[in-house]
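Peer 1: Residue numbers (the numbering used here), protein chains in the order written: chain A, 1 to 152; chain B, 153 to 368; chain C, 369 to 572.
Each hint should be verified, as a subset may be incorrect.
What the hints assert, rightly or not - For lysine-lysine, the following DSBU-like pairs were computed, each having C-alpha atoms within a straight-line distance of at most 35 Å:
#1 522(C) with 258(B)
#2 284(B) with 258(B)
#3 311(B) with 510(C)
#4 258(B) with 55(A)
#5 290(B) with 522(C)
#6 314(B) with 522(C)
#7 482(C) with 271(B)
#8 493(C) with 258(B)
#9 363(B) with 482(C)
#10 363(B) with 55(A)
#11 102(A) with 522(C)
#12 519(C) with 363(B)
#13 258(B) with 40(A)
#14 53(A) with 79(A)
These are computed hints drawn from the structure, not numbers from a lab.
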Amino acid sequence: LTAGNKIFHLGPCRVSLSITEIRAGFNAIKASIQARDPIKTLSILSHPYSLHKVKASDRCCIALHLFDFYVDKVFKHCKAEDSYLNRKISSIANSFLSARRKLEQCHQQNQCPCGQESDEKLEQVLVNYEGLNVTSAAIKSLGELDILLDWM
Amino acid sequence: SGELYCSLPNPRNVRFESVNMKNVLRWSAPEGTGDGVLYKVKYSVYGVGKWIRKPECRNINRTWCDLSSETSDYEEQYYASVKAFLNGMCSNWTETTRFNPLTDTKIDPPMVSVSSTEKSISILLTAPEKWKRSPEGKSISLLQVYPGLQYNVSVLNKKTKKRWFFSISNNTLVVPWLEPETAYCVSAQIHVTTPLLHSGFSNEQCIATLKDQTTK
Amino acid sequence: EDVLLPAPQNISILSTNMKHFLTWSPLTVQKETVRYSVEFQGEYEREYANESWIPICECSLVTSTVCNITEDISATVAYKLRVRAYIGVRRSEWGTLKGFFSPITTSLTPPLMKVIADGYHLLVKLEDMGPAFQFCVVYWKKGQESRMQQKVVKEVSSVVHLDTMEAGAAYCVKAQTYVEAINRSSSFSQTQCVRTQGDRSMWL
Numbered sequence: 001l002t003a004g005n006k007i008f009h010l011g012p013c014r015v016s017l018s019i020t021e022i023r024a025g026f027n028a029i030k031a032s033i034q035a036r037d038p039i040k041t042l043s044i045l046s047h048p049y050s051l052h053k054v055k056a057s058d059r060c061c062i063a064l065h066l067f068d069f070y071v072d073k074v075f076k077h078c079k080a081e082d083s084y085l086n087r088k089i090s091s092i093a094n095s096f097l098s099a100r101r102k103l104e105q106c107h108q109q110n111q112c113p114c115g116q117e118s119d120e121k122l123e124q125v126l127v128n129y130e131g132l133n134v135t136s137a138a139i140k141s142l143g144e145l146d147i148l149l150d151w152m
Numbered sequence: 153s154g155e156l157y158c159s160l161p162n163p164r165n166v167r168f169e170s171v172n173m174k175n176v177l178r179w180s181a182p183e184g185t186g187d188g189v190l191y192k193v194k195y196s197v198y199g200v201g202k203w204i205r206k207p208e209c210r211n212i213n214r215t216w217c218d219l220s221s222e223t224s225d226y227e228e229q230y231y232a233s234v235k236a237f238l239n240g241m242c243s244n245w246t247e248t249t250r251f252n253p254l255t256d257t258k259i260d261p262p263m264v265s266v267s268s269t270e271k272s273i274s275i276l277l278t279a280p281e282k283w284k285r286s287p288e289g290k291s292i293s294l295l296q297v298y299p300g301l302q303y304n305v306s307v308l309n310k311k312t313k314k315r316w317f318f319s320i321s322n323n324t325l326v327v328p329w330l331e332p333e334t335a336y337c338v339s340a341q342i343h344v345t346t347p348l349l350h351s352g353f354s355n356e357q358c359i360a361t362l363k364d365q366t367t368k
Numbered sequence: 369e370d371v372l373l374p375a376p377q378n379i380s381i382l383s384t385n386m387k388h389f390l391t392w393s394p395l396t397v398q399k400e401t402v403r404y405s406v407e408f409q410g411e412y413e414r415e416y417a418n419e420s421w422i423p424i425c426e427c428s429l430v431t432s433t434v435c436n437i438t439e440d441i442s443a444t445v446a447y448k449l450r451v452r453a454y455i456g457v458r459r460s461e462w463g464t465l466k467g468f469f470s471p472i473t474t475s476l477t478p479p480l481m482k483v484i485a486d487g488y489h490l491l492v493k494l495e496d497m498g499p500a501f502q503f504c505v506v507y508w509k510k511g512q513e514s515r516m517q518q519k520v521v522k523e524v525s526s527v528v529h530l531d532t533m534e535a536g537a538a539y540c541v542k543a544q545t546y547v548e549a550i551n552r553s554s555s556f557s558q559t560q561c562v563r564t565q566g567d568r569s570m571w572l
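Chain A with its partners taken away, still in its complex shape (with noise of 0.2 Å):
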């Protein structure tokens, strides 16, 4: 098994990121966040459209915005009784903290056009994640970030 940075192609930005960490720490704790998320019935980041109806173009705005609203908002409210979870979040984070660095770098160099549609849907996830009480939508939010890391 080879782990295996990628070239993410996000509209004009071309980004190697390495996702493999972020997957590997997800994978491990998938199962026991998705258990703790009860509610079946809204997706914070697929509601109301998924994020595979993006235009091209949008993509590493969005992308940039998520990786934000999962560092500024998610993790923190994420802190769980089990040290395992808790260490496993750690290394989501900080890896989330380094692959945001070099979307980041996308932007300076103006390969990140935010059109109307990607601040909609950043709005669009923000409303669902204020929807709910903190510490839910937290959890909700982590257990989707297959979703993200699929949909990139």
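Once you've looked at the hints, dock chains B and C against the given chain A.
Peer 2: Below, chains B and C without anything else, positioned relative to chain A:
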């Protein structure tokens, strides 16, 4: 209809078993129940508000239900649930964990076909197809679903018992400069890095290089 | 609560090939068993989680003075690490690693490699160093150093096929590891050359 008194034990180990995105819901009968138990099944798309009954899996006595058609969009994620009935009693609905067809499916090995000349063998690999509703349906190779798909190819010289490995992205491989009249056995595995998935190795396909015509 | 114990000293990191170990000097107290606990703090914890520390349970109240921190130090950010000593209910202040540690600074050693000539085929057997590693294998026909070829090997399940060789020619091979997560390579291994003669490799 009003729910019956639900004191029957629940179906056990309710889960999706998926191969090449043929997604089958499977479960075990409730503890301590013999024959005669019937089941019904429902499923839901994660993030969408309603459960949907599966008519073909209503009042069935088998312990599986093919939900491939209902879960064929691999950009979505799903739940499914089963309820058991026996002698006027019923169980609670028992759910799966969240099912992600893209990451939770198993991949079959590739199909391997080989041909030979006096001093070389040619290997053609075919990735399995994604499940489709009917044989006439549009074929989608897993290569299209997983763009980073690669093949690991093993070539065994039956005479020297030495095995070589090749890692290739395209689906053809020619191994030149081999010994004439020698049997070689080939097997191959699929490997995807994002998400991390790999198939088992295929069954070995053996072929012999031809007799060297120049050494009359 | 009286803090009598001195904080652990000489705290340092040993990191080779993406395996990271925290070590410190033992505290010696006559007829007492000293135990230690280790915690880490990533950049995320410093900047977004009130500088919180996370315990490593495999290294909680242990008598050893070495802790494998590889699984927790998985992102390419700056980490802080600290150790505390315990004797019964008595404990020391935290001893903190000077500065930060990031996996980017791990030392990478050249891979163990064995070159094989099997008939007209040039093959290489590489040491499995874990999923984070790939190998850049460079090979050339002896005497034609200007026409080196390169192959990236990601799977090291067994003997990897490099290329076919001209009869009687000698070929040389060297390899280095590459870790994509930190975008760094090791130095090259020793060069190994082989020449084909029927079915036996001939080392040169």
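Peer 1: Can you name, in rising order, the numbers of the hints this structure does not satisfy?
Peer 2: 10
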